[in-house]
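A.B. asks: Okay, here's what each chain looks like letter by letter:
Protein chains: 2
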Amino acid sequence: LDEAAMAEARARQDRMTKPRGSLGVLEDVSVRLAGLAGACPPEVPEPAAVAVFASDHGVHAQGVTPWPQEVTAQMVLNFLAGGAVVNVFAAQAGARVTVVDVGVAAELEAVPGLLSHKIAPGTADMTQGPAMTRDQARQALEIGINVAEGLALSGVRCLAAGDMGIANTTASAALIAVFTGRDPGEVTGRGTGIDDATLARKVDVIGRALALHRPDPSDPLGVLAAVGGFEHGAIAGFILGAAAARLPVVLDGVITGAAALVAAAFAPDALGACFAGHRSVEPGHGATLRHLGLRPLIDLDLRLGEGTGAVLALPIVQSAARALRDVATFDSAGVTDKDDVATLDA
Amino acid sequence: LDEAAMAEARARQDRMTKPRGSLGVLEDVSVRLAGLAGACPPEVPEPAAVAVFASDHGVHAQGVTPWPQEVTAQMVLNFLAGGAVVNVFAAQAGARVTVVDVGVAAELEAVPGLLSHKIAPGTADMTQGPAMTRDQARQALEIGINVAEGLALSGVRCLAAGDMGIANTTASAALIAVFTGRDPGEVTGRGTGIDDATLARKVDVIGRALALHRPDPSDPLGVLAAVGGFEHGAIAGFILGAAAARLPVVLDGVITGAAALVAAAFAPDALGACFAGHRSVEPGHGATLRHLGLRPLIDLDLRLGEGTGAVLALPIVQSAARALRDVATFDSAGVTDKDDVATLDA
Chain A
14 LDEAAMAEAR ARQDRMTKPR GSLGVLEDVS VRLAGLAGAC PPEVPEPAAV AVFASDHGVH
74 AQGVTPWPQE VTAQMVLNFL AGGAVVNVFA AQAGARVTVV DVGVAAELEA VPGLLSHKIA
134 PGTADMTQGP AMTRDQARQA LEIGINVAEG LALSGVRCLA AGDMGIANTT ASAALIAVFT
194 GRDPGEVTGR GTGIDDATLA RKVDVIGRAL ALHRPDPSDP LGVLAAVGGF EHGAIAGFIL
254 GAAAARLPVV LDGVITGAAA LVAAAFAPDA LGACFAGHRS VEPGHGATLR HLGLRPLIDL
314 DLRLGEGTGA VLALPIVQSA ARALRDVATF DSAGVTDKDD VATLDA
Chain B
14 LDEAAMAEAR ARQDRMTKPR GSLGVLEDVS VRLAGLAGAC PPEVPEPAAV AVFASDHGVH
74 AQGVTPWPQE VTAQMVLNFL AGGAVVNVFA AQAGARVTVV DVGVAAELEA VPGLLSHKIA
134 PGTADMTQGP AMTRDQARQA LEIGINVAEG LALSGVRCLA AGDMGIANTT ASAALIAVFT
194 GRDPGEVTGR GTGIDDATLA RKVDVIGRAL ALHRPDPSDP LGVLAAVGGF EHGAIAGFIL
254 GAAAARLPVV LDGVITGAAA LVAAAFAPDA LGACFAGHRS VEPGHGATLR HLGLRPLIDL
314 DLRLGEGTGA VLALPIVQSA ARALRDVATF DSAGVTDKDD VATLDA
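Sequence order for the protein chains is A and B. According to full-length UniProt numbering, the first sequence is numbered sequentially starting from 14. According to full-length UniProt numbering, the second sequence is numbered sequentially starting from 14.
Where hints are given, some of them may not hold.
[Said to hold, decoys possible] Label-pair ranges, simulated between beta-carbon atoms:
#	chain 1	residue 1	chain 2	residue 2	range
1	A	194	B	206	36 to 42 Å
2	A	23	B	338	40 to 46 Å
3	B	27	A	211	46 to 52 Å
4	B	210	A	211	57 to 63 Å
5	A	213	B	227	58 to 64 Å
6	A	23	B	76	17 to 23 Å
7	B	285	A	74	45 to 51 Å
8	A	33	B	27	42 to 48 Å
9	B	167	A	210	34 to 40 Å
10	B	199	A	126	39 to 45 Å
11	B	52	A	231	56 to 62 Å
12	A	141	B	338	43 to 49 Å
[Said to hold, decoys possible] Partial list, computed: chain A residues near chain B (C-beta under 7 Å):
#	residue
13	38
14	79
15	81
16	84
17	91
18	96
19	98
20	123
21	205
22	315
23	331
24	336
25	343
FYI, nobody ran anything at the bench for these hints, they're computed from the structure. It should be emphasised that the depicted structure is a prediction, and the values quoted were computed from it without experimental measurement. Every residue, glycine too, gets a C-beta built ideally from N, C-alpha and C.
Extracted from the complex, chain A is given alone in its bound form:
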């Protein structure tokens, strides 16, 4: 982040026609956007695009969710038909939707809007062995980097990250447990809404996987290979690619949060490009945001994924940048600043 641009943004916020600090978190957002762009004011980050990374999970075999695995592929088709919530939120926000198949366990026809980068038809079951090879983990990262680069080259100025993958809250909780050092029981939630027995099984499954692999958080590629998903790797790469292109990337919920932990383990500076779109009700997500030091922009009990919470937050990020660029200053608007009055009084 460019310190000079950030200092300039802070100074400009203080001259804008409003009480100092009165835009709260949006002032911080605008300052970080300036630092990321290396300019004050930065461009308003639009147009935006949300990339939804879809993949399946071998751990589904352990009964961690009542949803059948084929729902991943069905939802990909729903995204491509424009019928999912992320499509509708994106239409409202004026954002483009790109769907990336990194490991859906079904053959998907090549259609416009779908990027086919299938690494394998789903990961392996993490309770039986590593979810993927180190080479596959590297592939996932590279796919994400390339998708971010491609969107940047096509003129997109704000990225949003989303996911689809039945059972991917299980892999997310495992990643979060490793990187935050918390107990699986603390960071595992009900995902799409599972019952107590399934939740207990899910916590047990994660505990067994961690006992089997003993993943080392200082080896993020190893952690990703052991207990991650292809979409986690790709989203981590997407974040690294966004940071390299100096574009803001708005995160969604617990899956993109877990991926951000992976990205931060590779390159902590990449977090400078990350904005937390929302706080999911998943317990692991709160722990993740605290660990990453990110404050969520929206907190409305969403737990859907797909990038819905990220897309919903796009107008807030864009408004923060637009205010920094377009709001008049006390001088230019001829508005009296209370601090000048205080000086005259003294």
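Place chain B on chain A using the hints.
C.D. replies: Frame of chain A, contents of chain B only:
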């Protein structure tokens, strides 16, 4: 609110291609929008318009703020020139800005975008007598009702409420103390950012005004006349007008919240049309939202007013409606519903 439309909206939310309940607060928003419109799905509430009601306050003479009174008029000119934060947020959200002078203590030239309905050049000092006459309070309400009606007739489908008035957090805290039954010390905040001595003076001023008038919360016109502002009356009317036109009205912070308490005291059902755009850092606002039973959509430490928090929340309200209208159902998209699976399993 139309119960049948709300039931239909709830049922549709459960058939949409997403886990049940996973849109959290947005599901409640969509259900209420359906109830308000009397139809499921309701129209997406756009275009939107924010009305900024501006006025001055006699209590300014008591030294409750370091900002000089002329800043109210200066900021009105800033709104009309498009240079304030509310203009910039509205441009980003695609909303129109209307400025209404209900009592600015300066002559304002008639220009496009300004509705001139000045009741008087500011209220009287509430510590010396009533802030306004009952007739003036009634006038303020009528102005707000008419502005809402006019916007509805011009094709606007979502209203947002904003305010401008140096010293109007003092009048707001007084109104909030009366309607919530709380102590002035609990509901009085630093407004634009005052120091400890000014805060203590502000609490004392409110205490003296309440002791002088002993306002009766069951006589909302009397409360408004005793300690309110012209903009509070007009915003209360605006809410009543929105509810009468069955249009959603998104509230801003502590000033519009105090006005909503007035509106609710006249007609509790009007709250069915109200959505809390955000939670201000002002302590009186939290108490107000709890009293009104409204959950804020945004909670980002804003304390600016002008309608900024309301406008920032517009895309959330619009997205909630759009999802209800446009998201595919499990049947239509051919996506397997986990509850059908559970039934098959059983």
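A.B. asks: Now tell me if each hint is right for this structure.
C.D. replies: Taking the hints in turn, this is what the structure says about them:
no., hint, verdict
1, 194(A) <-> 206(B): 36 to 42 Å, "holds, 39 Å"
2, 23(A) <-> 338(B): 40 to 46 Å, "holds, 42 Å"
3, 27(B) <-> 211(A): 46 to 52 Å, "violated, 20 Å"
4, 210(B) <-> 211(A): 57 to 63 Å, "holds, 58 Å"
5, 213(A) <-> 227(B): 58 to 64 Å, "holds, 59 Å"
6, 23(A) <-> 76(B): 17 to 23 Å, "violated, 30 Å"
7, 285(B) <-> 74(A): 45 to 51 Å, "holds, 48 Å"
8, 33(A) <-> 27(B): 42 to 48 Å, "holds, 47 Å"
9, 167(B) <-> 210(A): 34 to 40 Å, "violated, 57 Å"
10, 199(B) <-> 126(A): 39 to 45 Å, "violated, 54 Å"
11, 52(B) <-> 231(A): 56 to 62 Å, "holds, 57 Å"
12, 141(A) <-> 338(B): 43 to 49 Å, "holds, 45 Å"
13, 38, "holds, 4 Å"
14, 79, "holds, 5 Å"
15, 81, "holds, 6 Å"
16, 84, "holds, 5 Å"
17, 91, "holds, 5 Å"
18, 96, "holds, 3 Å"
19, 98, "holds, 5 Å"
20, 123, "violated, 19 Å"
21, 205, "holds, 4 Å"
22, 315, "holds, 5 Å"
23, 331, "holds, 6 Å"
24, 336, "holds, 5 Å"
25, 343, "violated, 9 Å"
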